[in-house]
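Here is what each chain is made of, one letter per residue.
Number of protein chains: 2
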Amino acid sequence: MNISIIIIGDEILLGRVTDTNSGLIARTFAADGWQVKRIRTVGDKAADIRQAIEESMAESELTVTTGGLGPTRDDITKGEMLDIFGGELVHDPAVARNIEEIFANRNIKLNDLTRAQAMVPSSCTVIQNRLGTAPIMWFEKDGHALVAMPGVPYETRGMLPQVAQTVHERFGRGGLVLHREFTVTGISESALAERLAAFEDSLAPNFKLAYLPNPGEIVLRLDADYTTAPAEADGFDALCTSLKTLLGANLAAEGKLSPAELLLHALRARRYTVATAESCTGGNIAHLITAIPGCSDTMLGGVVSYSNDVKMQTLGVTRRALEQYGAVSRAVAGQMVEGIRRLTGADCAVATTGIAGPSGGSAEKPIGTVWIAAATPQQTITECFHFGGDRQAVIDRASAQALMLLNGLL
Amino acid sequence: MNISIIIIGDEILLGRVTDTNSGLIARTFAADGWQVKRIRTVGDKAADIRQAIEESMAESELTVTTGGLGPTRDDITKGEMLDIFGGELVHDPAVARNIEEIFANRNIKLNDLTRAQAMVPSSCTVIQNRLGTAPIMWFEKDGHALVAMPGVPYETRGMLPQVAQTVHERFGRGGLVLHREFTVTGISESALAERLAAFEDSLAPNFKLAYLPNPGEIVLRLDADYTTAPAEADGFDALCTSLKTLLGANLAAEGKLSPAELLLHALRARRYTVATAESCTGGNIAHLITAIPGCSDTMLGGVVSYSNDVKMQTLGVTRRALEQYGAVSRAVAGQMVEGIRRLTGADCAVATTGIAGPSGGSAEKPIGTVWIAAATPQQTITECFHFGGDRQAVIDRASAQALMLLNGLL
Numbered sequence: 005m006n007i008s009i010i011i012i013g014d015e016i017l018l019g020r021v022t023d024t025n026s027g028l029i030a031r032t033f034a035a036d037g038w039q040v041k042r043i044r045t046v047g048d049k050a051a052d053i054r055q056a057i058e059e060s061m062a063e064s065e066l067t068v069t070t071g072g073l074g075p076t077r078d079d080i081t082k083g084e085m086l087d088i089f090g091g092e093l094v095h096d097p098a099v100a101r102n103i104e105e106i107f108a109n110r111n112i113k114l115n116d117l118t119r120a121q122a123m124v125p126s127s128c129t130v131i132q133n134r135l136g137t138a139p140i141m142w143f144e145k146d147g148h149a150l151v152a153m154p155g156v157p158y159e160t161r162g163m164l165p166q167v168a169q170t171v172h173e174r175f176g177r178g179g180l181v182l183h184r185e186f187t188v189t190g191i192s193e194s195a196l197a198e199r200l201a202a203f204e205d206s207l208a209p210n211f212k213l214a215y216l217p218n219p220g221e222i223v224l225r226l227d228a229d230y231t232t233a234p235a236e237a238d239g240f241d242a243l244c245t246s247l248k249t250l251l252g253a254n255l256a257a258e259g260k261l262s263p264a265e266l267l268l269h270a271l272r273a274r275r276y277t278v279a280t281a282e283s284c285t286g287g288n289i290a291h292l293i294t295a296i297p298g299c300s301d302t303m304l305g306g307v308v309s310y311s312n313d314v315k316m317q318t319l320g321v322t323r324r325a326l327e328q329y330g331a332v333s334r335a336v337a338g339q340m341v342e343g344i345r346r347l348t349g350a351d352c353a354v355a356t357t358g359i360a361g362p363s364g365g366s367a368e369k370p371i372g373t374v375w376i377a378a379a380t381p382q383q384t385i386t387e388c389f390h391f392g393g394d395r396q397a398v399i400d401r402a403s404a405q406a407l408m409l410l411n412g413l414l
Numbered sequence: 005m006n007i008s009i010i011i012i013g014d015e016i017l018l019g020r021v022t023d024t025n026s027g028l029i030a031r032t033f034a035a036d037g038w039q040v041k042r043i044r045t046v047g048d049k050a051a052d053i054r055q056a057i058e059e060s061m062a063e064s065e066l067t068v069t070t071g072g073l074g075p076t077r078d079d080i081t082k083g084e085m086l087d088i089f090g091g092e093l094v095h096d097p098a099v100a101r102n103i104e105e106i107f108a109n110r111n112i113k114l115n116d117l118t119r120a121q122a123m124v125p126s127s128c129t130v131i132q133n134r135l136g137t138a139p140i141m142w143f144e145k146d147g148h149a150l151v152a153m154p155g156v157p158y159e160t161r162g163m164l165p166q167v168a169q170t171v172h173e174r175f176g177r178g179g180l181v182l183h184r185e186f187t188v189t190g191i192s193e194s195a196l197a198e199r200l201a202a203f204e205d206s207l208a209p210n211f212k213l214a215y216l217p218n219p220g221e222i223v224l225r226l227d228a229d230y231t232t233a234p235a236e237a238d239g240f241d242a243l244c245t246s247l248k249t250l251l252g253a254n255l256a257a258e259g260k261l262s263p264a265e266l267l268l269h270a271l272r273a274r275r276y277t278v279a280t281a282e283s284c285t286g287g288n289i290a291h292l293i294t295a296i297p298g299c300s301d302t303m304l305g306g307v308v309s310y311s312n313d314v315k316m317q318t319l320g321v322t323r324r325a326l327e328q329y330g331a332v333s334r335a336v337a338g339q340m341v342e343g344i345r346r347l348t349g350a351d352c353a354v355a356t357t358g359i360a361g362p363s364g365g366s367a368e369k370p371i372g373t374v375w376i377a378a379a380t381p382q383q384t385i386t387e388c389f390h391f392g393g394d395r396q397a398v399i400d401r402a403s404a405q406a407l408m409l410l411n412g413l414l
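Protein chains in written order, with this note's numbering: chain A, 5 to 414; chain B, 5 to 414.
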């Protein structure tokens, strides 16, 4: 069965806010066998919302929309739903209670605009939104369902499991789930494609291999077309096994794991703790590690030594090294990684010092030059990298590379 | 004139990768007066790509696609373009040279798969992609243009100015640019909507006010419909002035500035330096500040004191405070903010200690409890917050709140 997703909001359409809801919804339903057909992003314009809903419901059994349900006037989704699905706005006492509780918990005064969120179309079934004031609305027409969810990302993240459960109860599974991911490291995309050429040649037309290059890794995804019959699916496991054999030592993990997740697994397997010393990556490596739930058994902490004084005072980098070699150097990266191990007592550590740009580059050390050091109890490695791209790209790539450099030592 | 955007790739459609290209393209062309009509996300399926292109070119003078141009077989965009716009694949020597240079700079061996990137449809004009091996292709049909760009975000970021310049030379401005943004702080969305109710009532139908709530701030955007005649546009400046008067002290900045940008401006105005001491936010505050180009004149660095030992060793938090009040407490937040100021010599600092979840909460200190301290040379403030949402939401909100708390003291 097909699902289509509609993201409603001028702020997304105009690029003022990055949409993360569509990806989350797609992943959630793909995991239950739904075929994701199309994502449409439209502005807060009645005609565009209506057209997107009509196209979507024509092609898919399930449509999920997010956005346009706020209390302010620019949010018009509820009115459009009323036009499409009929009924009239009625007061829902359960929604009203939910709104009152949320405001009481937040200690904010409730006003009339927000109180009006309790008015819902009589043509819908409400799924109570525990995390916000906009009710989630379930509509049906000719066997096709539409679920209108709020646009606030954490409300969507939090409420999606319950919405998915409701969909599952109504429709069952969307279809066979036949896709598996493999995290590959230590090889370029084109070299990997060469190695897998014969394997790809041998794939039946209903199977497909996709390459997703991320900083520090490539995620391979083997997909079977959703129309694959259960009998044909029998070959899927064997294909995965062949693929894994071909990947050999470059297979870092089954499933998709980020460099930070790969590192955390490897550290835990050895009961090692870790700490970070960051100059050009500015705290991003620590952020990537600490974004993972439960990391506190392994991650002790870190220092963001942006200025030279902080490098000397907190990490014991010597003035001599800074003057003789400069802050972006093998010597300073090495002193930083040893300094953070000493300071925190961590078994392992990474350190970065480089030039993220857009200014600060020179002929000798152009923008994108980053020295990275990684240390375990047995070994320290210090390496110079030249990353392409803008400031954000250099920070992202240097962070991923540092995580993978330490991972490679474990 | 209208622009439509098409994002091509199973990885985006299935939510494996978050699309940031569409937002960037939308912002870039909206700033040159283009009306963003629709964003479509489709998988690597020939029929879906073709349908999206046809719909898009029917509604918009300009279509920009990203994705599907890589060297691997799952990338089929180039073949689809050939079918739609005609011509045949021909070898482009300039593209071939560009590919060879890129591989030489990266010190990687060039293989046949990548070499084939130099084959381009004879029906297109190539815009050389300095940042990657996939050429950017410009097609035209019946006065409508389509530009096919690569999907790699940093290539899109880097090449977009040149593409926009080419579009500008071909089409001129997309239309009148009539939108302005205002960053508002210190007021809830619904309270702000109440204050602005009469102003919104007075707006002519071709003007619209949108609310974009972000952690720590609300961005207001005043838009005029793109069909507005130049004469009607005269009222726009007066409207902006009225709005600014209504916002009063809650107007933090004209334009959209993130909490980190607001703080950096305020610090610079006073020639203050800053440092961070982070427990539950795990380096994210330092990352938000250091993501801003040129921050090194103001940002000295920080400590991620995830473990209690690191809190004591680097920041001088006392064992007594940790034992008596716990790590998530007013006392520890206060010691952290003083400790980081002492350690780095920074004029100002922020500190966070809290429970981001998903585990670690208690009845007394539930998940989402975060103590935040902010200090200037004159003043220190320590405050307890209770943030809703999951781990990511708590980290994002606590980070924004910490930045705004310090900003409020300046």
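If you're looking for bench data, these hints aren't it; they were derived computationally from the structure.
Don't take each hint at face value.
You can't tell identical chains apart in this list, so a pair holds if it fits in one copy or across any two.
To be verified - Derived pair list, reagent style DSS-like, types lysine-lysine, alpha-carbon separation capped at 25 Å:
#1 K145 to K369
#2 K260 to K145
#3 K260 to K49
#4 K369 to K113
Here is how each hint holds up against the structure:
Taking the shortest alpha-carbon separations for K145 and K369, neither the intra-copy value of 63 Å nor the inter-copy value of 46 Å comes in at or below 25 Å. In this homomeric assembly, K260 and K145 never come within 25 Å of each other (Cα to Cα): the closest approach is 37 Å inside a single copy and 41 Å across copies. With identical chains, the CA atoms of K260 and K49 are at most 25 Å apart between copies only, with a shortest distance of 23 Å across copies and 38 Å within one. When the C-alpha separation of K369 and K113 is checked against a cutoff of 25 Å, the pair qualifies only between copies, where the shortest distance is 24 Å, while the shortest distance within a copy is 56 Å.
Against the hints set out earlier in the document, violations occur for numbers 1, 2.
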